[in-house]
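Peer 1: These protein sequence lines map, in sequence, to chains S and C. Position 109 (the first sequence) corresponds to 109 in the numbering used here; numbering is contiguous. Heads up, the numbering used here is the position in the second sequence plus 1000, with the first residue counted as 1.
It is worth saying that the hints were derived from the structure and are not from the lab. Everything numeric in this text was worked out from a predicted model, so none of it was measured. Positions of the beta carbon are idealized from the N, C-alpha and C atoms, including for glycine. A portion of the hints provided could be inaccurate.
[Stated by the list, open to error] Partial selection, computed: residues in chain C whose CB lies under 10 Å from chain S:
#1 PHE1036
#2 ILE1067
#3 GLY1080
#4 MET1081
#5 ALA1085
#6 VAL1089
#7 GLU1103
#8 ALA1195
#9 TYR1249
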Amino acid sequence: MSKKVLVVDDDPDVRSFVVTVLEENQYIPLIAQDGVEGLEKIEKEKPDLVILDVLMPRGSGIRLYHHLKSHEQFKALPIIMFTGIALRSFLKSQKVLDEFQGAEVPKPDIYLEKPVDPEVLAAAVRKKLG
Amino acid sequence: MEIKKLLFVTKFEDLCYDALNSLLILRKAALGHVVFLNVIERDKVAMKRGAGYLKEEEVKLKETANIRFIDWAENLFEMGMEVGAYIEVSTLIPEILKVIEKEAPDLIVIGRSHKGALEQLYSGSDVSELVRRTRIPILVFKHMAENKIVPEKLFERPILATNWSETGARMMEYIKGMKNVIGEIHIIHVVKDSALKSPDSHEVQKVRKKERKKLDALCDELEDLGIKARSHVYVGDPQKEIEKAAKEYQASMIILGSSDKAAILERWTGSISKNIADNSIFPCLIIPGQKEN
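Chain S extracted, bound-state conformation:
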């Protein structure tokens, strides 16, 4: 059975690019436009993987990543960060949230800085889902 991948990104052009890559690789794409909708879809649709942007209205990917990785029910959910925000800034922000919330979260194992070629994105998804 095809696996479900949730794309959380506020940019319709980026969503459309990622959805095309996913469909061409036989995955089922789901979409959310911001962090709040992203969390709702994760709870409701139970995707197998999340492709997550950082800078979005109504809830950034920074907070959503930290929330998912610090809550038992979502900890195992694979996440690919896909953003224009530098990895350095992302890691620093997670460290501040760790200190503030008292929960240390792991670094993302795949962090893709936009833009990326479709083959790179597809390979990252395959690495996570097979």
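Dock chain C against chain S, hints included.
Peer 2: Below, chain C without anything else, positioned relative to chain S:
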């Protein structure tokens, strides 16, 4: 009343990171979330004879804005703040109202561009339209080139002008929410010439004494919370006197109320808040009254 979330509306030529940076002191007062908004006016990408809709121009403008926002956001994320961004091709005020609906900010920060008479006219009307259409406090920054105020000291020495309208209580609540941020506040009231029953000095002093007593009560209220406060009474034209007071005390910003009544009168006479926000060299924080139920 705390400022937890602010909406930063920028065209980039009017407000940049230095302005945002001067607001980050509000983190001491609870600020934890900044939302950026850049509105690309439709006429910049609208249909042109022989060229059609300027899609390439739209992409270029959006990407330019996006690069700036990413850069700013990285700084804020690293401080542990939450950041959101909107880049829309639209019309300024309706777009601001849409984002307010989605994000519910506690403060709107907007610039006032002064490049030409026409632009000044439009910018002025943007601010006054926004004041009329929202109940959220609005901080009007001035164009960088004309701004003589050191941006880092924005909350160091504000002047609060009260006319004892119904917005007074809301202004005080707002100031109390910034108790960890404000250096020293000067509270002033301008007695209009027309309010003096007779021009003799005894009468003027009597009015001054009465108003000063009311102002001192506000100062006491703030000093109980640890905010240094001083009171001043002025007599004359409110707009001129508020500006004069701001200069005399080297104010870092002017804080004003804006009532519904003022918004209605403004159509006929131009309100004091609007005129000061549009014309003063000082940044202005305008606090609208509560919506009547």
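Peer 1: Confirm or reject each hint.
Peer 2: Structure-based check of all given hints:
With 10 Å as the threshold, the beta carbon of C/PHE1036 comes within range of chain S, its nearest partner Cβ sitting at about 9 Å, so the hint holds. A least Cβ separation of about 8 Å between C/ILE1067 and chain S falls short of the 10 Å threshold, and the interface hint therefore holds. For C/GLY1080, the suggested interface contact is upheld, since its CB lies about 3 Å from the closest CB of chain S, less than 10 Å. Restraint check, C/MET1081 versus chain S: the minimum CB separation of about 8 Å is within 10 Å; hint holds.
The criterion of a C-beta within 10 Å of any C-beta in chain S is met by C/ALA1085, whose closest approach is roughly 5 Å, and the hint holds. Interface hint status for C/VAL1089: violated, as the beta-carbon distance to the closest one in chain S is roughly 13 Å, over 10 Å. For C/GLU1103, the shortest C-beta to C-beta distance to chain S is roughly 7 Å, which falls under 10 Å, so the interface hint holds. A distance limit of 10 Å between C-beta atoms decides the matter here; for C/ALA1195 the minimum to chain S is near 47 Å, and the interface restraint is violated.
Because the smallest distance between the Cβ of C/TYR1249 and any Cβ of chain S comes to about 37 Å, over 10 Å, the interface hint for this residue is violated.
Hint check: violations occur at hints 6, 8, 9; the rest are consistent with the structure.
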